[in-house]
Amino acid sequence: MKQKKLVLIVGVAIATTIGGFLLASDHIDAPAVKNQTTDITDLYVFNGADTNNLVFVANTQGLLAPASTAAAAFDPNTLIQINIDNNGDNVEDEVIQAIYSGTTMNFYGPVKPSMTGIRSKIEGAVTASVAVTAYGAAPVTAGSASGIKVFAGARDDPFFFDLDQYHAILAGKAPGFNNPGKDAFAGTNVMSVVVEVPKKLLNSTGKINVWLTTKKKV
Amino acid sequence: MKKYSIKLMTGAAMMLLIAAACSKSNNNNPPAPPVYYDQADQVGRPAINTVFIPASGKDSFNTTIPTQMPGLFTNDMKTSLAALNPGYTTNLLGLTADQFIGVLSTDVLNASTTGVTSFYNGTQVLTGRTLSDDVIDVELILLFGGPKGSDNPGLTSDHVNGNDKPFLTSFPYEAAPW
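Just so you know, the protein sequences line up as chains A and B, in that order.
Here the first sequence is numbered in the numbering used here, starting from 1 and rising by one per residue.
Here the second sequence is numbered in the numbering used here, starting from 1 and rising by one per residue.
Treat the hints loosely; a few may be bogus.
Over the 12 Å line for every Cβ pair with chain B, so calculated as not near, a few chain A residues [stated by the list, open to error]:
hint, residue
1, Thr104
2, Lys112
3, Ala125
4, Ser129
5, Ala145
6, Ser146
7, Ala171
So the derived label-pair ranges between C-beta atoms look like this [unchecked claim]:
hint, chain 1, residue 1, chain 2, residue 2, range
8, B, Val35, A, Gly88, 30 to 40 Å
9, A, Pro175, B, Val103, 22 to 32 Å
10, A, Pro76, B, Gly154, 20 to 30 Å
11, A, Pro175, B, Tyr36, 46 to 56 Å
12, A, Ser144, B, Val35, 38 to 48 Å
13, A, Gly124, B, Thr90, 38 to 48 Å
14, A, Ala171, B, Val35, 39 to 49 Å
15, B, Val103, A, Gly206, 11 to 21 Å
16, B, Val125, A, Thr51, 16 to 26 Å
Each computed DMTMM-like pair below joins lysine to aspartate or glutamate, with the alpha-carbon atoms no more than 25 Å apart [what the hints assert, rightly or not]:
hint, chain 1, residue 1, chain 2, residue 2
17, A, Lys121, B, Asp98
18, A, Lys34, B, Asp59
19, A, Lys34, B, Asp38
20, A, Lys207, A, Asp75
21, B, Lys78, A, Asp50
22, B, Lys165, A, Asp50
23, A, Lys216, B, Asp151
24, A, Lys216, B, Asp38
25, A, Lys121, A, Asp93
26, A, Lys217, B, Asp59
27, A, Lys217, A, Glu123
28, A, Lys217, A, Asp93
29, B, Lys58, A, Asp89
30, A, Lys34, B, Asp76
31, A, Lys200, A, Asp93
32, B, Lys165, B, Asp137
33, B, Lys148, B, Asp98
34, A, Lys121, B, Asp151
35, A, Lys182, B, Asp151
36, A, Lys34, A, Asp50
37, A, Lys207, B, Asp98
38, A, Lys200, A, Glu123
39, B, Lys58, A, Asp50
40, A, Lys173, B, Asp137
Keep in mind that the hints were calculated from the coordinates and are not lab data.
The beta-carbon is built from N, C-alpha and C at its ideal position, and this holds for glycine as well.
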């Protein structure tokens with residue numbers, strides 16, 4: 001719905017001085033990806049339960065109602081790519097790729113990519129492969145000999161924000177947030193890819209810069 | 001009679017197949033062309049496109065690589081910050097408006113591979129992003145809270161402090177879907 005799409009309002013004279021504001025982490029952030037399998041919602045990067053590992057969570061296709069989740073699916077034409085810069089120049093030195101084969105989610109990397117930037121190709125051989133967990137089933141996971149763990153399937157959207165109150169503030173109907181607020185993402189799902197990687201595979205000297213991209217088959 | 005015909009036809013068919021197979025293996029067929037994928041969406045830190053990029057630039061931002069972002073989007077982002085908070089001076093991290101945009105304009109998520117990972121927990125700053133990090137409150141405080149985080153108290157928290165389901169303590173960490 002166009003009304004729900006965030007438009008950054010610049011220079012609007014509202015007493016509280018809020019202009020356009022946060023919609024959601026990246027949910028339906030732009031026209032070209034709205035309602036597409038390429039629409040990213042969030043990226044998370046955090047220590048695993050074993051702190052020798054780093055976990056990457058790549059979420060797409062947000063605001064799935066429970067009734068729509070059984071039919072939600074990954075897209076064999078959408079490459080999900082986690083980009084890792086480990087020398088501070090903001091160019092990817094390693095990538096982790098995930099792409100749906102129609103039955104399984106196949107993972108590649110972490111690997112130094114043969115090409116960087118807008119265009120990518122699948123890099124090398126499959127590292128790990130996992131069946132997509134069916135809606136309502138216990139998580140199906142798989143691993144690699146190198147200690148990587150992988151998952152792909154629907155999950156509760158981990159993002160939380162009082163989006164409706166934000167809209168009220170934008171419309172001049174409220175001067176600020178309520179306490180307590182109401183999470184507009186409660187009860188919604190996302191399609192999620194989770195990869196846990198031994199840190200030694202990341203070629204890092206302590207700091208990395210990470211960004212998540214979705215790429216459409218040309 | 002029919003049996004002989006079938007055998008002959010089968011034999012002929014097989015010879016054709018063999019001939020075709022031999023032809024293929026001798027022929028210099030070009031290798032299959034490589035399959036490419038082009039960027040459609042990207043995210044580094046949460047909400048940067050939605051907060052700072054005007055509607056006209058959103059699709060472009062999603063198809064820009066991090067090294068090109070400052071050159072293309074710094075001015076838009078500075079304009080957005082000034083519109084969001086005309087009274088902005090510095091924030092809890094001590095950043096001026098230009099410095100703040102300087103950090104944000106390359107949209108990558110910083111993470112540590114040697115220490116605690118957190119978007120901001122009072123001690124660690126931009127060393128990762130956990131599922132339970134309240135990134136909205138962090139960004140609200142940095143945008144509206146002023147040097148001490150106490151300005152604009154109605155705007156520095158949405159008072160939604162956690163997820164609707166508890167996370168798992170083991171892989172895959174995210175909660176089961178509704």
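Hint by hint, here is what the structure shows:
1. Once the 12 Å rule is applied to beta carbons, Thr104 (chain A) is consistent with being away from chain B; the minimum gap is 16 Å.
2. Every CB of chain B is more than 12 Å from the CB of Lys112 (chain A) (nearest about 17 Å), matching its label as outside the interface.
3. Every CB of chain B lies more than 12 Å from the CB of Ala125 (chain A), the least distance being 15 Å, so the non-interface label holds.
4. With 12 Å as the threshold on Cβ separation, the claim that Ser129 (chain A) sits away from chain B holds: the shortest Cβ distance comes to roughly 16 Å.
5. The claim that Ala145 (chain A) is not at the interface with chain B holds, since no C-beta of that chain comes within 12 Å of its own (minimum 17 Å).
6. Separation of Ser146 (chain A) from chain B is adequate, the least Cβ-Cβ distance of about 15 Å exceeding the 12 Å criterion.
7. Listed as outside the interface, Ala171 (chain A) is consistent with that label: its C-beta sits roughly 15 Å from the nearest C-beta of chain B, beyond the 12 Å cut-off.
8. One distance hint, 30 to 40 Å for the beta-carbon pair Val35 (chain B) and Gly88 (chain A), holds here, with the actual separation near 31 Å.
9. Between Pro175 (chain A) and Val103 (chain B) the C-beta distance comes to about 29 Å, which sits within the given range of 22 to 32 Å.
10. One distance hint, 20 to 30 Å for the beta-carbon pair Pro76 (chain A) and Gly154 (chain B), is violated here, with the actual separation near 47 Å.
11. Evaluation of the 46 to 56 Å hint for Pro175 (chain A) and Tyr36 (chain B) yields a pass: the beta carbon distance comes to about 50 Å.
12. Checked against the hint of 38 to 48 Å, the C-beta distance between Ser144 (chain A) and Val35 (chain B) comes to roughly 23 Å, which is inconsistent with it.
13. The hint said 38 to 48 Å for the Cβ distance between Gly124 (chain A) and Thr90 (chain B), and at roughly 46 Å that hint holds.
14. Remark: the range hint 39 to 49 Å for Ala171 (chain A) to Val35 (chain B) is upheld by a beta-carbon distance near 46 Å.
15. For the pair Val103 (chain B) and Gly206 (chain A), the beta carbons lie near 19 Å from each other, so the given range of 11 to 21 Å is met.
16. For the pair Val125 (chain B) and Thr51 (chain A), the beta carbons lie near 19 Å from each other, so the given range of 16 to 26 Å is met.
17. Only pairs whose Cα atoms come within 25 Å are accepted, and Lys121 (chain A) paired with Asp98 (chain B) is rejected, the gap being roughly 37 Å.
18. Using a Cα cut-off of 25 Å, the hinted pair Lys34 (chain A) and Asp59 (chain B) holds, with the two alpha carbons roughly 10 Å apart.
19. A distance of roughly 17 Å separates the Cα atoms of Lys34 (chain A) and Asp38 (chain B); the hinted pair therefore holds under the 25 Å criterion.
20. Taken as a hint, the Lys207 (chain A) and Asp75 (chain A) pair is broken in the structure, with Cα atoms around 32 Å apart against an allowance of 25 Å.
21. Distance hint between Lys78 (chain B) and Asp50 (chain A) is unfulfilled; the C-alpha atoms sit about 40 Å from each other, more than 25 Å.
22. Simply put, Lys165 (chain B) and Asp50 (chain A) have alpha-carbon atoms about 22 Å apart, close enough for the 25 Å limit, and the pair holds.
23. Restraint check: the Cα-Cα separation between Lys216 (chain A) and Asp151 (chain B) comes to about 43 Å, which exceeds 25 Å; the hinted pair is violated.
24. Straight-line distance between C-alpha atoms of Lys216 (chain A) and Asp38 (chain B) comes to about 5 Å, which keeps the hinted pair within the 25 Å bound.
25. With a C-alpha separation of about 15 Å, the suggested pairing of Lys121 (chain A) with Asp93 (chain A) holds against the 25 Å cut-off.
26. As the CA atoms of Lys217 (chain A) and Asp59 (chain B) are separated by approximately 18 Å, the hinted pair is consistent with the 25 Å bound.
27. Distance hint between Lys217 (chain A) and Glu123 (chain A) is fulfilled; the C-alpha atoms sit about 14 Å from each other, no more than 25 Å.
28. Between the alpha carbons of Lys217 (chain A) and Asp93 (chain A) the distance comes to roughly 22 Å, so the proposed pair stays at or under 25 Å and holds.
29. Taking the CA atoms of Lys58 (chain B) and Asp89 (chain A), the gap is about 24 Å. The hint holds against a cut of 25 Å.
30. Annotation: proposed proximity of Lys34 (chain A) to Asp76 (chain B) holds, straight-line Cα distance about 22 Å (limit 25 Å).
31. Of the supplied pair hints, the one linking Lys200 (chain A) and Asp93 (chain A) holds, its CA atoms being roughly 14 Å apart against a limit of 25 Å.
32. The straight-line distance between the Cα atoms of Lys165 (chain B) and Asp137 (chain B) is roughly 19 Å, inside the 25 Å bound, and the hint therefore holds.
33. Under the criterion of a C-alpha separation no larger than 25 Å, the hint pairing Lys148 (chain B) with Asp98 (chain B) is consistent with the structure, at around 18 Å.
34. Between Lys121 (chain A) and Asp151 (chain B) the alpha-carbon distance is near 48 Å, which puts this suggested pair outside the 25 Å criterion.
35. A distance of roughly 23 Å separates the Cα atoms of Lys182 (chain A) and Asp151 (chain B); the hinted pair therefore holds under the 25 Å criterion.
36. This hinted pair does not check out: Lys34 (chain A) and Asp50 (chain A) have alpha carbons roughly 36 Å apart, beyond 25 Å.
37. With a C-alpha separation of about 24 Å, the suggested pair Lys207 (chain A) and Asp98 (chain B) falls inside the 25 Å cut-off, and the hint holds.
38. Taking the CA atoms of Lys200 (chain A) and Glu123 (chain A), the gap is near 19 Å; set against the 25 Å cutoff, the hint holds.
39. Note on Lys58 (chain B) and Asp50 (chain A): the hinted pairing is violated, with a Cα-Cα distance of about 38 Å set against a maximum of 25 Å.
40. Among the hinted pairs, Lys173 (chain A) with Asp137 (chain B) is consistent with the structure: their alpha-carbon atoms are about 21 Å apart, no more than 25 Å.
In this structure, the earlier hints numbered 10, 12, 17, 20, 21, 23, 34, 36, 39 are contradicted, and the remaining ones agree with it.
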